[in-house]
Amino acid sequence: MTVQPIRLFGDPVLRTPADPVVDFDVELRKLIEDLTDTMREQSGAGLAAPQLGVGLRVFTFDVDDVLGHLVNPVLEFPDEEEQDGPEGCLSIPGLYFDTKRRQNVIAKGFNGYGDPMQIVGTGLMARCVQHETDHLDGVLFVDRLDSAGRKEAMKAIRQAEWYDPAAPPTVKLSPHPAGNPFGLGR
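For the sequence shown, position 173 matches number 173 in the UniProt record's numbering, and the numbering has no gaps at all.
Mixed in with the good hints there might be a few duds.
[Unchecked claim] Keeping only pairs whose Cα atoms sit at most 25 Å apart, straight-line, the calculated PhoX-like set for lysine-lysine is:
1. 100 / 151
2. 108 / 30
3. 155 / 100
Since the hints were derived computationally from the structure, they do not count as laboratory data.
On a predicted model such as this, the values are computed, not experimentally measured, just so you know.
Build the full structure now, drawing on both the sequences and the hints.
Below is the structure:
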């Protein structure tokens with residue numbers, strides 16, 4: 001088991017879009033193993049490579065007894081249905097805020113050996129896949145909150161025991177506003 005430290009809110013790697021994976025090699029599979037071990041140790045539903053400080057487009061998930069990973073994900077949304085509910089993040093520990101997401105998602109990508117794969121998710125699985133793919137785009141779930149929600153989140157983050165004021169937090173608007181493929185409004 002190789003549990004790695006998780007990068008926390010304020011770390012610039014969490015705001016940097018990750019690079020596509022081009023080498024499906026033993027190093028990638030080791031990263032997937034580290035992501036899985038760390039996610040499970042922290043009882044998370046998902047974990048993206050940037051959360052371990054690695055700028056590659058790969059994440060792991062453990063939702064509804066389905067454990068897996070996806071490399072270079074591309075999301076599609078079969079309908080406009082949305083969900084709104086509590087969401088948290090291992091990089092923003094202990095804090096949860098209601099966040100709008102699409103209810104259904106189809107995620108296409110690859111496994112650690114470069115074989116094509118697809119995840120069809122609804123509910124919590126759809127939320128997890130969208131959340132982790134956001135990480136790969138340098139987006140945090142607090143970026144998806146409306147202005148009042150972001151203000152509340154920032155106040156809670158500044159009061160959190162783990163918060164480091166030397167690493168100034170930044171919150172940005174999601175690059176996926178209403179009318180985009182994610183269909184999420186402010």
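Within a Cα-Cα threshold of 25 Å, do residue 155 and residue 100 meet the stated pairing?
-> holds, 20 Å
Between residue 100 and residue 151, does the CA-CA distance stay at or below 25 Å?
-> At roughly 16 Å apart (the allowed maximum being 25 Å), residue 151 and residue 100 satisfy the hint.
Compare the distance between the alpha carbons of residue 108 and residue 30 with 25 Å, and conclude whether the hinted pair is satisfied.
-> Holds, at about 21 Å.
In summary, the structure agrees with every hint in the numbered list given earlier.
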